[in-house]
Structures are given as structure tokens and as C-alpha cells.
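With chain A fixed as given, assemble chain B onto it according to the hints.
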Amino acid sequence: MLVSGIVSRPKYEPFALDPSGRSHLIVADHPAPPGDFGPTPASNAPIEIWCVCTNPRTTAEASQNGRAVSRSFRSTAHLLDQLDKRLARELVGLRIYAVGIESFVWDVARLARKFGMEKGEYRLTHKGSERRRVYCIHCRAYTEDVTTNIVSCSGCGASLLVRDHYSRRLAAFMGVQVDAEVPGDVPAIEEAFP
Amino acid sequence: MSGPKLNLRVRSIEPLSPLLKRFELEMADGGEVPPFGPGAHLRFNLQGDHQRWKNAYSLVTPPTERRRYAVIVRRVEHSRGGSAFMHETVKPGQILEASVPANLFPVSQIARKHLLISGGIGITPFLSYLAAFKSKAAGYELHHFCRAKEAEIFGHLLRDHESSRIHIHAGTEFNLSSVLSSQPLGTHLYTCGPEGLMDLVLDTARTHGWPASKLHSESFGSAHMGGAPFIAILKRSGAEIAVREDQTLLEAIEEAGFEPTNLCRGGACGECLTRVLEGEPEHRDHYLDEGERASNCSIMICVSRAKTNRIVLDL
Chain A
1 MLVSGIVSRP KYEPFALDPS GRSHLIVADH PAPPGDFGPT PASNAPIEIW CVCTNPRTTA
61 EASQNGRAVS RSFRSTAHLL DQLDKRLARE LVGLRIYAVG IESFVWDVAR LARKFGMEKG
121 EYRLTHKGSE RRRVYCIHCR AYTEDVTTNI VSCSGCGASL LVRDHYSRRL AAFMGVQVDA
181 EVPGDVPAIE EAFP
Chain B
1001 MSGPKLNLRV RSIEPLSPLL KRFELEMADG GEVPPFGPGA HLRFNLQGDH QRWKNAYSLV
1061 TPPTERRRYA VIVRRVEHSR GGSAFMHETV KPGQILEASV PANLFPVSQI ARKHLLISGG
1121 IGITPFLSYL AAFKSKAAGY ELHHFCRAKE AEIFGHLLRD HESSRIHIHA GTEFNLSSVL
1181 SSQPLGTHLY TCGPEGLMDL VLDTARTHGW PASKLHSESF GSAHMGGAPF IAILKRSGAE
1241 IAVREDQTLL EAIEEAGFEP TNLCRGGACG ECLTRVLEGE PEHRDHYLDE GERASNCSIM
1301 ICVSRAKTNR IVLDL
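Protein chains in written order, with the numbering used here: chain A, 1 to 194; chain B, 1001 to 1315.
None of these hints come from the bench; they were simulated from the model. The model shown is predicted, which means the values in this text are computed figures rather than measured ones. Ideal Cβ positions, reconstructed from N, Cα and C, are used throughout, including at glycine. Take the hints with a grain of salt, since some may be wrong.
[Stated by the list, open to error] Derived DSBU-like pairs: lysine-lysine, alpha-carbon spacing no greater than 30 Å straight-line:
1. B:Lys1021 / B:Lys1005
2. B:Lys1134 / B:Lys1021
3. B:Lys1149 / B:Lys1021
4. B:Lys1235 / B:Lys1307
5. A:Lys85 / A:Lys114
6. A:Lys127 / A:Lys11
7. A:Lys119 / B:Lys1134
8. A:Lys114 / B:Lys1136
9. B:Lys1149 / B:Lys1134
10. A:Lys119 / B:Lys1136
11. B:Lys1113 / A:Lys85
12. A:Lys85 / B:Lys1134
13. B:Lys1054 / B:Lys1005
14. B:Lys1113 / B:Lys1134
15. B:Lys1113 / A:Lys114
16. A:Lys119 / B:Lys1113
17. A:Lys114 / B:Lys1134
18. A:Lys85 / B:Lys1136
19. A:Lys85 / A:Lys119
[Said to hold, decoys possible] Far from chain B by the CB rule (all over 10 Å, computed), these chain A residues:
20. Ile6
21. Ile47
22. Ala68
23. Asp81
24. Lys85
25. His138
26. Glu144
27. Ala158
28. Ser159
29. Arg163
30. His165
31. Val182
32. Phe193
Next up, chain A with everything else stripped away, as it sits in the complex (with noise of 0.2 Å):
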């Protein structure tokens, strides 16, 4: 229902490092970002990880290669802000690689944008789940983590329909009244974003 069609919906990459960057910042909202490196980039461009671990105890892990460092955060906010401050005394020449959830990773490329990188030097990778933020285009509010076809705004209380339509600017799909003509005829809620 009101889903088909939409071509704009973004695509993801595979993980793998850019050669041509000579720093690479790889950030991940789970705790075991790819260890992987793909094609080996040039030997001294100097590899950090950035991950989410809610439990201390799984930091070790993240340490998966040697040449990389890695630091870990206690939740998306807290590497978000991090980032933004680090970001500003960037140098052109840094690749950033966003790995988890599709709200995250656009957060990351928005970021990366506000400090004037540019598609290709900023890599996006879906992992996790499916599950979507979602925009109220009545309200202008955010609904976080939402898995059905149906939610109720977190700022107006309007059942949404929660399109394909994907809005790059704003890191959210875009949710619309499902009973504006019909008050109250609101289709069954089923799962659809595990």
C-alpha cells in the first residue's frame, strides 16, 4: 500500500575501504564493526574504529586488527557527538565508513556533509535490522525504531503510514496520515520492518 514504486529508496554498499583515503574512520552503532578491510589501502594510512558497546566488557573485542584503533561509546548519541567534534579538525583526505542501522549511517553521512565531505569520501553499509525512523510529515516530529507498517507519531498521535519515500536530509522515511480522509479507518498494523 503506497509503497510501490519508489525508486529513490537508497542503496547500500558492501564494506570495504577506500584506497585512495589516507585516514580511514570506520563507526558502527553495534559492537563488532568489520574486521575485513577489503583491498589493503595504502600501508601507512592509519585505520580507526569507532563502535557502540553497551557492555563494557565487549570492548577487547573490537580489536580485531592490529593496524586499526579502536574506541568504544556508550550509545549512538555519545559517538555522534564525538564525531561532530572530531570532524571539525578533519583533514581532506579522511574516509568515513558508517556500518548499522539506516538512521545511523545517515546520521553519520549528515555529519560528514555539514563538514563538506562529499559522496565518496563518506561510504554507507546497512547491518542490523530494518527497523526506521520515521518523519510525521504533519508534526514535523521523529519516531524512532519503528518496525510496523502503521505507527502512532511520537509528537501528534496521527497513525502514520510509514512510506518507502526516503528523505536523505532529514535520515528519516517520511510518515503520512493513513486515515485523513477516513478518520478512524486505520488498515490492520503488521510487522514489517524487523
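Chain B alone, transformed into the frame defined by chain A:
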């Protein structure tokens, strides 16, 4: 040449050095000049007694200036005569025909800083950049390379801009790698000048991880001139055109009375892409990719020539 033409009256000519002259131009009808963005150029149709030239010169006036244009022309030795014509024949009051400004070297609107590297007369597009940066308070850094005896002239051209951002290198030591490896994220790099300088700057930038989207260059096309003579056949009209060693394929076609679509005349913009029906092109452009070059199906007639004695074009 496509697009509307402008009739421009030469308002004044100021010699900046024995080889450099600055020409101020205004609309012959007294109106405002058409607007342009930083980095734009004018292409003049210069009509000599026995020869025509189509020479492009970067606009050096601030883009907000609508009463007049200005260009700076370097007299090129061993050139085909367009710059000598500008230096010796053109006089104040004379009307010159030019195309409306075109811009193949615009400023990035999303850059957070602009790094400019120029050599010699390659400074000219950056003069309009600097005027635009001034009004927007954009961050920039300029490195200009020139001969020691011209350092003062270029210093004078740049006198209205913040001296802390402007570095004139006249034979002094300069570490390009350290400049290109220490630029903040979001910096865009622009280079204009002799081919050797631009190649060095762009190659060094790539080795320091600069992505293609942040690299911008504009060449004068002078490196493309000349080569062995050959015959071009225009399939549609059947015309057979002898391309001399001192002219480009496009110039020879124009001399024969045809007007193929073209814009930059430097192998950069892609406008003059022409299908090759027979023969093998000698590619000299920056537009076609390796696969397109190898296929021998297309040629940029503004700069490229023929390896074979004869080439048949879909024109």
C-alpha cells in the same frame, strides 16, 4: 560558436608589463553587461586582415560589476597570433565581438574553504574568485607561482586582498605536499596555469586522498596546438578539409565555413563531441574516459587530431 553575441567597445587598455595588458570593455550600446559568475570567460571573435581567432580570456572584474568587463591578455610568443592581435592591433574605441560569458570553472557552493593554486597568467580566473570571496567572507588561501621579475606585477594585481591569505612564490622553496596534506575537510582545490603545474598539483592532491569532486582545473588549451597535418572528411556534406600542422581540427572546419557546436575549445566541456566513422583519433582532451578513447568512436574536435592520414567525421 553558439549563443548570442555581444558587441563590446574597448574602453581603455592598460599595459601592466611588457607582456601583459588589461582591457576594459563596455557594451557598445551603452547598456549593462550580462552577468557572470566567478571563473567565467569571454570568447572573442577576433578578425584580422587575413585571419580570424577565437580566443578566450577570463573575466577579472568583480562579478557584481555591471558597467564593464575587464580581461588581462598575455602576449604569447610563438602563438597563432590572437594575443599579438589584441596587444598590437586593438585600440581604445574599437568594437570587438564576443560570446556572452560562459563558465567552465565555477566556484563550489558547498566548499568550506577554497585553496587556489595558479601559475603566471593562470591567476586571471582567480581575480574574479577573490572579489566574490571578499563579499561572502569565504575562507581561502592562494598560492601563485611566477617568474621573479613578474612577482611585483602580480603582487599589484592582488593588492586589494588580504595579504595573509595570499602567497606569491617566485622561485622560492615551496612544499606542495605539506599544503595539500593539511587542508581542513570540505576544502576545494582549484588550479589554473601551465599544464605541468596543473598536472603536478592534481597528481599530488590525488596521492593525498583528495576526491575528484573537490578538484577543479582550467587549462588554456595551448598545449594542444599543433601536430602532423591530416585530412578530415565531413560525411554529411562530403567536404574534404586539410588540417594544417599549426591549426586545430575545429579551426580548420570553421575555416571551411562550417560552425560545429563547441564551447570551451580546450577539450574540457564535451560540447564538441563528434562521432568518428573512419580513422583513428589522437585524443588530447580531458573529457572522454579511457574506454571511450580506446573505442575510437568519438573525438573532441577542439583539441584532438588524427593518428591516421584521413579521418571521417559524422558532421
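Verification of the supplied hints:
Taking the CA atoms of B:Lys1021 and B:Lys1005, the gap is near 23 Å; set against the 30 Å cutoff, the hint holds. Taken as a hint, the B:Lys1134 and B:Lys1021 pair is honoured in the structure, with Cα atoms around 25 Å apart against an allowance of 30 Å. The hinted pair formed by B:Lys1149 and B:Lys1021 meets the criterion: a straight-line CA distance of about 16 Å does not exceed 30 Å. Restraint check: the Cα-Cα separation between B:Lys1235 and B:Lys1307 comes to about 18 Å, which is no more than 30 Å; the hinted pair holds.
At most 30 Å may separate the alpha-carbon atoms for a hinted pair to count; A:Lys85 and A:Lys114 meet this at roughly 12 Å. Taking the CA atoms of A:Lys127 and A:Lys11, the gap is about 12 Å. The hint holds against a cut of 30 Å. Under the criterion of a C-alpha separation no larger than 30 Å, the hint pairing A:Lys119 with B:Lys1134 is consistent with the structure, at around 28 Å. The straight-line distance between the Cα atoms of A:Lys114 and B:Lys1136 is roughly 18 Å, inside the 30 Å bound, and the hint therefore holds.
Restraint check: the Cα-Cα separation between B:Lys1149 and B:Lys1134 comes to about 28 Å, which is no more than 30 Å; the hinted pair holds. About 25 Å separates the Cα atoms of A:Lys119 and B:Lys1136, which keeps this hinted pair within 30 Å; it holds. Restraint check: the Cα-Cα separation between B:Lys1113 and A:Lys85 comes to about 18 Å, which is no more than 30 Å; the hinted pair holds. Using a Cα cut-off of 30 Å, the hinted pair A:Lys85 and B:Lys1134 holds, with the two alpha carbons roughly 28 Å apart.
The straight-line distance between the Cα atoms of B:Lys1054 and B:Lys1005 is roughly 13 Å, inside the 30 Å bound, and the hint therefore holds. For the given pair, B:Lys1113 sits about 13 Å from B:Lys1134 by alpha-carbon distance, which is consistent with the 30 Å threshold. This hinted pair checks out: B:Lys1113 and A:Lys114 have alpha carbons roughly 13 Å apart, not beyond 30 Å. Pair hint A:Lys119 plus B:Lys1113 holds up; C-alpha atoms about 18 Å apart against a cutoff of 30 Å.
Simply put, A:Lys114 and B:Lys1134 have alpha-carbon atoms about 23 Å apart, close enough for the 30 Å limit, and the pair holds. Annotation: proposed proximity of A:Lys85 to B:Lys1136 holds, straight-line Cα distance about 25 Å (limit 30 Å). As the CA atoms of A:Lys85 and A:Lys119 are separated by approximately 21 Å, the hinted pair is consistent with the 30 Å bound. Against chain B, the non-interface label of A:Ile6 holds: every CB pair exceeds 10 Å, the least being about 26 Å.
With a minimum CB-CB distance of about 13 Å to chain B, A:Ile47 clears the 10 Å threshold, and the non-interface call stands. For A:Ala68, the non-interface assignment is confirmed: its Cβ lies about 18 Å from the closest Cβ of chain B, beyond the 10 Å cut-off. Every Cβ of chain B is farther than 10 Å from the Cβ of A:Asp81; the closest lies at roughly 17 Å, confirming the non-interface assignment. Every beta carbon of chain B lies more than 10 Å from that of A:Lys85, the smallest distance being close to 13 Å; the non-interface claim holds.
Annotated as non-interface, A:His138 keeps its C-beta farther than 10 Å from every C-beta of chain B; the closest such distance is 31 Å. Here A:Glu144 stays apart from chain B, with its beta-carbon at least about 28 Å from theirs, past the 10 Å limit. No Cβ of chain B approaches the Cβ of A:Ala158 within 10 Å, the least distance being about 35 Å, so the stated non-interface status holds. With a minimum CB-CB distance of about 38 Å to chain B, A:Ser159 clears the 10 Å threshold, and the non-interface call stands.
Distance check for A:Arg163 against chain B: the nearest CB is about 28 Å away, which clears 10 Å, and the non-interface claim stands. With a least CB separation of 24 Å from chain B, A:His165 remains clear of the 10 Å interface cut-off, as annotated. Consistency note on A:Val182: stated as away from chain B, and its beta-carbon is indeed over 10 Å from all of that chain's, at 44 Å minimum. For A:Phe193, the condition that its CB be more than 10 Å from all CB atoms of chain B holds, with the nearest at approximately 32 Å.
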